[in-house]
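Residue numbers (this note's numbering), protein chains in the order written: chain A, 364 to 438; chain B, 21 to 212.
Worth flagging that the hints you see were computed from the coordinates, not collected in a lab. What you were told as hints is all true, and nothing was included just to trick you.
Just a few of them, taken from the derived set where beta-carbon distance is under 8 Å, the chain A residues facing chain B: (1) I393; (2) F397; (3) V398; (4) R399.
Predicted model, so just to flag it, every value in this text is computed and none were measured. We treat Cβ as the ideally placed atom computed from N, Cα and C, and that holds for glycine.
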Amino acid sequence: MTRKIIGIVLFFAIWFSTVNVHTATRLESIVTAFVRPVLFFEFSNGTLVSNGLSKATYRKIGLENAKVYTIVAGV
Amino acid sequence: MKTIPAIFIVLVNLCIGALGFADTTTTQGTGTFDVQQVFSLAFYTDANVLYSSNIPFTSMDSTKTWVYADNRRESDGKSDTALTCLSNLGVTWYLKISAQANPPFTLDKIFYYFGQPWNRTTSSTADGSLARPASWYNLPASSTVIYIAGNNDKINTPYGTLCSFSFAVNPSKLAANTLYTCTITYTLTTSP
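Full structure from sequences and hints, please.
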């Protein structure tokens, strides 16, 4: 009986050693995201703008170069 | 008297040998070759593949609804990351993807694009099939098959099959001054 058990154990041991169980291989990437603060300024002429705009955009929305505007609110 | 023919034969043999007609001796041997099994996944980088284990989206503008990774723009011909899937098992393999967003970031804010891979060994488009047509999709929370190897992918050594990814984030409604992270897991497996 003992020999049978040993035989069965040996059989499965040999069988498992010959069967290729290909475990999955993995890799990871980590996405890091950061939102920059966006400020909105309301100028004395009633224009609401955000920071980070180009000079051309500031002109397009009616702000003239070399003219002083007062920021009445910042959000 | 019998020694004379024997001496004659020996002399003839020696002459033939001296003339270059020596006997040829062939030794046979058996070579055994065992090719190691290869089944691996590795990051690939070059001038058009910008990132590997870290994909940065710094300084996102939350007034936008679609932002690419740093130094990327639409249709620039580049990728955020790429993987080399290498196998000589001769069996169909599967590439899977999944993601885990770390709160307060959520998976509905991040998208990936995965097109038809490139077989670097045959220098041609890989002959496997995409699980879904190439497009932008939300990253799945559970590991999901995105590519099924074709016949040429089953043994694609030595250079492997190149799978490229691009990512995009929708930063709207995300607060400033907060670092958001999301872990993307790529799995190469022989089980679907």
